[in-house]
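**Q** The chain contents come next:
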Amino acid sequence: MIRIILNEWKGWLRTGQFRWLIIFLVLILAAVSYFGVQDVAKRQARIDGSKQEVRDQWENMGASNPHGAAHFGSYAFKPLTALSALDEGVNLTAGRVLRLEGHVQNEIVHSSQSQSVFISYFGPLKASILLQIVIPILIIFLTFYGIKGEHEQGRVRLLMVQGISYFRLIFGKVISVWVFAVLVLLITLIIQLLTFNESISGDLLLRTGLIVLAYGSFYLIIGSITGLFSLKWSGRSSALTTMLAIWVVWLIFLPKITSWFVQEQYPLPSRQEFTDAMREDRSKGIDGHNPSDEREKALKDSVLKVYGVTSVDSLPINYDGLVMQADEEYGNKVWDKHFGALFGVMQKQKTSMQYAGFLNPFGSLQSLSMGISGTDQWSHLHFQQEAEAYRRVFIKALNDEHAFGGSRTGDWGWKAEQEFFNQIEDFHYKTPLYSKVSSFYWPDWISLGLWLILSLFMLAFFSRNANPISQ
Amino acid sequence: MKKLIYFEWLHFSRGLARPIAVLLFLFAASFGIYNGFSSYHERVAQVQAIEESRAESHQEVFDWFESGTEGPEERPWVKISTPFWSMWYAKHQLIQNPDPLMVYNIGQSEHFGYYKRVSMWSTAFDDDLAAEIANPEFVQLGALDFSFVWIYLMPLLLIVLTYQVKGLEQDVGILPLLRIQQPYTGLWLLRRLMIIGVAMLLLLSLLVWIPELLFLKSSQTTGVFALWMIYASYLFFWLVLVFLVIYFGKGQADQALKMVGLWLLFAVAIPGVVNQYVLLRKPADLMLSLIEANRDGQQEIWDRPQDKVIEEALAVLPELQGSDAATNDSLLERQMINAAYRLVWSDYIAGVSNKIMEDQVGRNQLISATYWFNPVGGYHKWLNGISGTGHEASLRFRRKIQEATFSINQTLIMDEWKKRKMDRASFVEYAQMFESDRVMERE
Numbered sequence: 000m001i002r003i004i005l006n007e008w009k010g011w012l013r014t015g016q017f018r019w020l021i022i023f024l025v026l027i028l029a030a031v032s033y034f035g036v037q038d039v040a041k042r043q044a045r046i047d048g049s050k051q052e053v054r055d056q057w058e059n060m061g062a063s064n065p066h067g068a069a070h071f072g073s074y075a076f077k078p079l080t081a082l083s084a085l086d087e088g089v090n091l092t093a094g095r096v097l098r099l100e101g102h103v104q105n106e107i108v109h110s111s112q113s114q115s116v117f118i119s120y121f122g123p124l125k126a127s128i129l130l131q132i133v134i135p136i137l138i139i140f141l142t143f144y145g146i147k148g149e150h151e152q153g154r155v156r157l158l159m160v161q162g163i164s165y166f167r168l169i170f171g172k173v174i175s176v177w178v179f180a181v182l183v184l185l186i187t188l189i190i191q192l193l194t195f196n197e198s199i200s201g202d203l204l205l206r207t208g209l210i211v212l213a214y215g216s217f218y219l220i221i222g223s224i225t226g227l228f229s230l231k232w233s234g235r236s237s238a239l240t241t242m243l244a245i246w247v248v249w250l251i252f253l254p255k256i257t258s259w260f261v262q263e264q265y266p267l268p269s270r271q272e273f274t275d276a277m278r279e280d281r282s283k284g285i286d287g288h289n290p291s292d293e294r295e296k297a298l299k300d301s302v303l304k305v306y307g308v309t310s311v312d313s314l315p316i317n318y319d320g321l322v323m324q325a326d327e328e329y330g331n332k333v334w335d336k337h338f339g340a341l342f343g344v345m346q347k348q349k350t351s352m353q354y355a356g357f358l359n360p361f362g363s364l365q366s367l368s369m370g371i372s373g374t375d376q377w378s379h380l381h382f383q384q385e386a387e388a389y390r391r392v393f394i395k396a397l398n399d400e401h402a403f404g405g406s407r408t409g410d411w412g413w414k415a416e417q418e419f420f421n422q423i424e425d426f427h428y429k430t431p432l433y434s435k436v437s438s439f440y441w442p443d444w445i446s447l448g449l450w451l452i453l454s455l456f457m458l459a460f461f462s463r464n465a466n467p468i469s470q
Numbered sequence: 000m001k002k003l004i005y006f007e008w009l010h011f012s013r014g015l016a017r018p019i020a021v022l023l024f025l026f027a028a029s030f031g032i033y034n035g036f037s038s039y040h041e042r043v044a045q046v047q048a049i050e051e052s053r054a055e056s057h058q059e060v061f062d063w064f065e066s067g068t069e070g071p072e073e074r075p076w077v078k079i080s081t082p083f084w085s086m087w088y089a090k091h092q093l094i095q096n097p098d099p100l101m102v103y104n105i106g107q108s109e110h111f112g113y114y115k116r117v118s119m120w121s122t123a124f125d126d127d128l129a130a131e132i133a134n135p136e137f138v139q140l141g142a143l144d145f146s147f148v149w150i151y152l153m154p155l156l157l158i159v160l161t162y163q164v165k166g167l168e169q170d171v172g173i174l175p176l177l178r179i180q181q182p183y184t185g186l187w188l189l190r191r192l193m194i195i196g197v198a199m200l201l202l203l204s205l206l207v208w209i210p211e212l213l214f215l216k217s218s219q220t221t222g223v224f225a226l227w228m229i230y231a232s233y234l235f236f237w238l239v240l241v242f243l244v245i246y247f248g249k250g251q252a253d254q255a256l257k258m259v260g261l262w263l264l265f266a267v268a269i270p271g272v273v274n275q276y277v278l279l280r281k282p283a284d285l286m287l288s289l290i291e292a293n294r295d296g297q298q299e300i301w302d303r304p305q306d307k308v309i310e311e312a313l314a315v316l317p318e319l320q321g322s323d324a325a326t327n328d329s330l331l332e333r334q335m336i337n338a339a340y341r342l343v344w345s346d347y348i349a350g351v352s353n354k355i356m357e358d359q360v361g362r363n364q365l366i367s368a369t370y371w372f373n374p375v376g377g378y379h380k381w382l383n384g385i386s387g388t389g390h391e392a393s394l395r396f397r398r399k400i401q402e403a404t405f406s407i408n409q410t411l412i413m414d415e416w417k418k419r420k421m422d423r424a425s426f427v428e429y430a431q432m433f434e435s436d437r438v439m440e441r442e
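Chains as they are written, first to last, in numbering that gives the first Met the number 0: chain C, 0 to 470; chain E, 0 to 442.
Do not rely on the hints blindly, as some may be mistaken.
No farther apart than 30 Å at their CA atoms in a straight line, the calculated lysine-lysine pairs in the DSS-like style are these [stated by the list, open to error]:
hint, chain 1, residue 1, chain 2, residue 2
1, C, K41, E, K78
2, E, K78, C, K283
3, E, K1, E, K249
Simulated from the structure, these hints should not be mistaken for laboratory data.
The structure displayed is predicted, hence computed values, not measured ones.
Required output: the full structure, derived from the provided sequences and hints.
**A** Written out as structure tokens, the structure is:
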């Protein structure tokens, strides 16, 4: 087998065109990786700078009314992960800025793609584009021509007479192309890691290793299926046409059609419907029997009872702060109900897409590539949930200060000192470790694993049972 | 010619691969049109729902006017007879009407909001002008519309239909024989490609004109014709490329590899490089200037002394100068002063928004400068421009929002300073302020 692989490699290297192709491919991947890392570093620096600037404004706003400060608000900027340089995922479509303020829960806005005319359907030329689109096409062509060449030049008979089985010959061809593809993948990842500006953590190494595993498995699937078609059609061009057609179906047709089907199965509400329902629940009560005025009356009665007074003006605290916090807490329940349902639908959509990987291994690879890089839908929603958790703590601190900081009911001009505002910690988001989120990606791994086993088994079965001499 | 057509038909129908490829393409194209059609109808239904909800809310206001009440019981501070509250309850919705050409080209519309409630506090970049709620992974995948099928899949179909032309003859060694029969191989090749090209053009015409006749009821003939011309020119562009590859080709494999390479180059690599270049040269705006404007800028305006703000309001709106309040400070009431602050603020925020929009136009110009070597990007922009589903349409919509905000504040200050008393008729006048703005944003 090793001899077959080495022979195949020698054959390629003897071809001038192929030598140039290797040099070109490695150079372009090196350039793409380098610029990808630089781009991520530059964008992250902008995010850090903006975060700092927004915090500086907060720390220098001077003595302010806490409720005014809640409207002044804070901003969460979604950081980029190290592997964004490899796979951008939803980064460019989903926005990075989230305004955190009192009364309302906003959405992440200002995506990159909403700020210019259309640029590219497949996104910026990141390493993942080359690794997901170009390398598989190369695998298809190299595997096909490797097997076709043996048939056309009549070497198959010669090799079989020499005692080399057809199975070993075909496998040798497939593996030689696969090893080449994996080497290109490794070179890309090594360049990424070498040009990476920060220290390399264990989690990053684990994620990089998993990228190798996912892409490596996919390359073997592509190679095996091409090998299978090539041996079935004895290297005729219909094998190449069929494999390219499958590639287009995997790359373009199935993701689009399955995503459409999944959206039909699990539809999301329109923005208008969603905001109307949230507003309705907030004013009339989640169950429709607890409107805001009744909630406020109940709160008022309980507070007056606790303090043993008959009117809010006699309270030693600022009752407005309590009302705002109670409204905030009710709003949080409403958010949990509606966003919880929304996230639930999105999660169902994601899971269905993952199951669609059993029809389309490319879908599983894409999902894994984004998931491992921390740039998929789940990572996006996780950021949003963490930011919302922070918003609740942030607004509660301000409302508590408004209520218990020393002002009295109706005193909207009262101001808390700057030191108080500085004590409230800024939002710091940390991408969760892969080990904590790995369970989300099991369907993708299982689908890729099954495809791998099936394609290798089919290749082994048909190559063992084929009789190339009679063909 | 008849013989040539017959020969091409034989060539096409000999194997299964080509008919299957055409069927797949037809399926994708029909699906794309269906998808565009349902997106268009969803938007039309959404706009209708918004208008119905607005009409209901207006009815509530009419009831207040009729019963002589000033507003809802639970909001005793509302005084509908004042310009401020009448304007508030006019609940202006600016809508970018969905364009029927979306049926063919959904374009970038999934990235932008197409309706927005505009009040005295609105800006062109408010968070509620976000796109419809969608799974970010699906948005990233993009919509499967007819334009997508034509721009990305049509070249692949053309490759399947043509990679064997001349290559097969070369591979089986009959090219010298052909050269004896056809001394002008280029002309022979041209004729063969012309037949395939005409067949593709027929296919395009059927796919484009049938929906126009059946679903759009011939209402968009000019727009559809413009789209058809663009699709046809894109087909011509690929036919020229394919001709060159085949003319200089060295067999089927060589031709297939080069054609797929060209597809990768034009569809993936060049737009990808341009995208990366733009990200490096002009990274996405994190809207820091807007954040600063909404925090420090706004605060700074509200901290300004009243006389300075009145002076600024008079400079922004010289028509105010003739009013009694402008000449006599003692006539100025709280609402009138607030209106002046709002006018100054809306003038200031318009400047900030315009700067952001200018930056985006600059980014667009940077991208447009690449179209001479990035035809796929150019075709997308061209199509999106015609169907009003691109970024430029969204910028025009944002500008309208900004203008509407200013217009609301302008009307308010004029009426507040005149101490206008609102009634049903004047409320209707407010409510209809932007009715004529509901147009499509085609170029």
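**Q** All the hints need checking, so say for each whether the structure fits it.
**A** Status of each hint after checking the structure:
{"no.": "1", "hint": "K41/C with K78/E", "result": "violated (52 Å)"}
{"no.": "2", "hint": "K78/E with K283/C", "result": "holds (23 Å)"}
{"no.": "3", "hint": "K1/E with K249/E", "result": "holds (28 Å)"}
Going down the numbered hints, you'll see the structure goes against just number 1.
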